[in-house]
Amino acid sequence: GQLVYPAVHADVAVVPDWLDVYASVTGGDSLNDYSSLKDANHFFHADYGRGYGPFSDLTTERVNARLGFRGNITPKFRYDLSGGWRMVKNQMVQTVFFSGLGTGSVPRDLVPGVIWTYQDSDGADARDFTKYSYNEAFVDFNGVYDAKPFLVEARLSYRWNNLLKNEKPGFGGAPFTGMVRGRYNWNDRIIGGLYVEMASARRGYLTPMPGTAYNPVEARIPGWVDLGLSGEYVINRHFSIWASAGNLLNMTIQRTPMYTSSGINFTLGLVFLL
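Everything in the sequence shown is counted per the working numbering, starting at 7 for the first residue and increasing by one.
Cut-off 27 Å, straight-line C-alpha distance, at most; resulting in silico cross-link-like pairs (DSS-like, lysine-lysine):
#1 Lys82 with Lys154
#2 Lys95 with Lys44
#3 Lys171 with Lys95
Derived from the structure by calculation, the hints contain no laboratory data.
Let the sequences and hints guide you as you build the complete structure.
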């Protein structure tokens, strides 16, 4: 394995208080421990390997090179725009396993799981689990317009990678993801807002269960848009009540394969400040 990783950071104030140009070249290992995987997906459990491989393993980021610009266009608008390229070895990939084919060669007996990037051997059942690296290019934008009583935040990302080269099983991440949220604060008493969260479609391949002679089957997780409203009423400095309404477009939202959030939903909560 790799023993030495880069750790270089640079930041130049091109226009002090208005524009910084920064760059970094980093890398390192990530231990995908059970608790972090559970935090990311509360449906996750120790059987997610499905006998195909481990449910947890070490991920190595060989190199991550990023160049960015951040600063203020006005005192009320802050931004951070960056992009770069990285090489990752042994990445965890979400997938859906199947154990047979039904009418019209439609996969059946579907169960969610995870696999780790590997190199195929000869034959459908002979997989040597030799870890391979994939490349990813990315662009990220974060912006905040803070002019009380108005606040608008935005996070937008684009990802391209060759994770699924040569019809590798599993699902890559959504190429486009984003969130835009705005709110109005009336006298620090009533706070109301609107948010939009979205993800584009995810392409991938269903994974045959171990011991079967099937090949991966191409599939697609549809994109989605989550439109919602939120509101908060501050009773006093120690107590407030809030409510939210999500998925107002009534779309089928599938952040994790096989688990969908469909239908309009409502949440009511209380806030206590000590």
